Amino acid sequence: MNWGWIGSNLGLIGGRVLEHLALTAPPIVIGLVLSIPLGYWAGRSQVARSILLSLGGVLYTIPSIALLVLVPVVLGLAILDPLNLVFALSIYAVAIMVRSAADAFASVPQDVLASATAVGFSRWQRFFAVELPLAVPVLLAGIRVVSVSTVSLASVGALIGIDQLGSFFTDAFQRSFLTEAIVGIVCILLLAALYDVILSRIGRAITPWNHARRMAAPQIYAPQDAEVL
Amino acid sequence: MNLFGGAFAWILDPAHWSAGPDISGHLLEHLAVSGLCVLIAVAIALPIGIGIGHSGRGRGAAILISNIARALPTLGLLSILILLFGIGLLPITVVLVILAIPPMLAGAYAGVESVDRQTIDAARALGMTEWQIVLRVEIPLALPLLIGGLRATALQVIATLGIASAFAFGGLGIYLINGLAQADFVQLLAGAILITALALVVDGLLAAVQRLVVPHGVALGRSNPNDPQKRARAPRPRAVQEGMQS
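Residue numbers (our numbering), protein chains in the order written: chain A, 871 to 1099; chain B, 902 to 1147.
Careful: at least some of the hints might be erroneous.
[Said to hold, decoys possible] Facing chain B, a subset of chain A residues (Cβ under 7 Å, in silico):
{"id": "1", "residue": "L929"}
{"id": "2", "residue": "I932"}
{"id": "3", "residue": "A936"}
{"id": "4", "residue": "A1051"}
[Claimed, not checked] Computed Cβ-Cβ distance ranges for the label pairs, DEER-style:
{"id": "5", "chain 1": "B", "residue 1": "F909", "chain 2": "A", "residue 2": "V899", "range": "32 to 40 Å"}
{"id": "6", "chain 1": "A", "residue 1": "V1067", "chain 2": "B", "residue 2": "G959", "range": "17 to 25 Å"}
{"id": "7", "chain 1": "B", "residue 1": "G1071", "chain 2": "A", "residue 2": "I921", "range": "32 to 40 Å"}
{"id": "8", "chain 1": "B", "residue 1": "N968", "chain 2": "A", "residue 2": "I1076", "range": "16 to 24 Å"}
{"id": "9", "chain 1": "A", "residue 1": "S1070", "chain 2": "B", "residue 2": "L1027", "range": "21 to 29 Å"}
{"id": "10", "chain 1": "A", "residue 1": "L880", "chain 2": "B", "residue 2": "A1084", "range": "41 to 49 Å"}
{"id": "11", "chain 1": "A", "residue 1": "D1033", "chain 2": "B", "residue 2": "G1071", "range": "42 to 50 Å"}
{"id": "12", "chain 1": "A", "residue 1": "G881", "chain 2": "B", "residue 2": "G936", "range": "23 to 31 Å"}
{"id": "13", "chain 1": "B", "residue 1": "Q1033", "chain 2": "A", "residue 2": "P1003", "range": "40 to 48 Å"}
{"id": "14", "chain 1": "A", "residue 1": "D951", "chain 2": "B", "residue 2": "P915", "range": "31 to 39 Å"}
Quick caveat, the hints were computed from the structure, so don't treat them as lab data. These figures come from a predicted structure and were not determined experimentally. Where a beta carbon is used, it is the ideal one built from N, C-alpha and C, also for glycine.
Between the sequences and the hints, there should be enough to build the whole structure, so can you do that?
Following this line, the structure appears as structure tokens:
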């Protein structure tokens, strides 16, 4: 480890951390926002579920460098445009997130939905006041996985010259300078941890009933066992 | 689309199948290294995952390790290991095995955990030992999710191995790297299509295996998508844990 290098390059490191943040936050948000309607649809219809999930599987199979270089060709952007990375990462985020969202909406018990309808909720009211909040825990678990993999996947952008934390890896390889690669990995892990903490805090804040109930009845999300018993 | 037509023409061009290190050579290399990495990952993750699923212990640790492994950037890990050990197969294999362990581990423990507790109790009541329960009851019933984990692992390894070509590895990623360096989008797209096609073919083969080996009566795939998650939270009967210790 060359600590002196870190000291004299704090500005560069800080700049790349910010760039990494700016490139990864939009795909995570886009992944969540797009997966909610898609997942809702997949949670309601078995046909939609199998189509969307296999499509997600195929999209996820496309190698990341390939997707990164194909996006500008298809969209007609400049190859060094950071938007390419945002777009490619959004595709992966949606591909992973659709499954979680489908599971999230399927996890809302049918009798709860029936009760909401019986009490007089309209479809839209029922969606926003009942289904979406009850789907939050599973959605949150999914978006935490997405945030971690997005942060790590973004580094591949360095191979096509989009500057972010991954650039430390290509620089380190070209200059045979281990310190740079280690700095890059540590920053990426810290950033992934930061996203995870922020997302779980948000999750706690928007599902206060979840903690209160979990203490009282630990198997609140295990209705399957009621059947077994 | 013209570009896609060009890419398919590039792939089908006999010149790319005969001269020097051709498509078939890179394809075999890609397949061999992916296969090696998946095998090592299975050898490590399968016993651990089955142990976690059977005993209900160590789940938190497994999830934590999986999450950290997921956060590790392949490119970064690869560049560090190559700087430490030099260019070669060793760093590539190590990185891909690290990448391949989390999905395999998750498939293994989710599969074993998803087995109905009553079925296991019934097996125990019949006088089966813990080993017999694992080998004859839990593993056969867990097969859909186990092979599901294997399919996810194989997909991920085949797709990610393309990155290794940036570090002097052959494989199909070579067309991505060369295409990028020469700004030859046809070659690049051809490489992407070849890797994606390889991944899909392997996935299809494993899906066929899944159909063949899963016992009759076990629902293929996840008929109830929430089942494993819900089971995972189910409290484990004490007898299971005591059985493991004796």
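**OP:** Enumerate the violated hints, using their earlier numbering and listing them in ascending order.
**Re:** 1, 9, 10, 11, 12
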